[in-house]
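Using the sequences provided together with the hints, build the complete structure.
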Amino acid sequence: MQTNLIYKIILPILLIGLAGHAQSADEPPEMTCYEPFSQFEMNQCALKAFELADIELNNEYKKALKAAIEIDGYLSDDLRGAKPALMAAQRAWIKYRDLACTSEGFSYRGGTMEPFLVSACKEDLTRARAERLHHLGE
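Numbered by mature numbering (1 follows the signal peptide of the UniProt record, and there is no 0), the letters in the sequence shown go through residues -24 to -1, 1 to 114 in order.
One or more hints might be untrue.
What the hints assert, rightly or not - Derived pair list, reagent style EDC-like, types lysine to aspartate or glutamate, alpha-carbon separation capped at 20 angstroms: (1) Lys24 / Asp74; (2) Lys42 / Glu114; (3) Lys24 / Glu80; (4) Lys42 / Asp53; (5) Lys71 / Glu27.
Calculated from the structure, these hints are not laboratory results.
Okay, structure coming up:
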């Protein structure tokens, strides 16, 4: 009698519980950047923050480029050059940012913290550059 009870009631309940547990193990845990749990999560959050800063930078660059075109529009031919100067400066700045932040990452080269340092550096420099471009685009 007890064996039938185990096979008919308790075993199916246990199997359902295990199936639910196995399913949740296949799904990645939800990550929150407000309270990252692991170094991996901190790295991912720093990368997301940089990506958001890069979107802001691109928006401000477009505005600054538009302003540079306007400036070139009212200058005489021999004085024009705001647009190419801004474009060259932006290309040089991106190279600088990437190299500077790569060099900062060397303090933890090969470690799990290196990507965090590089992304955090890129976010910081990118936000500062976006602010400067904002003033150019006003």
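Hints, verified against the model:
1. Lys24 / Asp74: Between Lys24 and Asp74 the Cα gap is close to 16 angstroms, so the pair holds against 20 angstroms.
2. Lys42 / Glu114: holds (10 angstroms)
3. Lys24 / Glu80: With Cα atoms ~19 angstroms apart, Lys24 and Glu80 stay inside 20 angstroms; holds.
4. Lys42 / Asp53: holds (18 angstroms)
5. Lys71 / Glu27: holds (17 angstroms)
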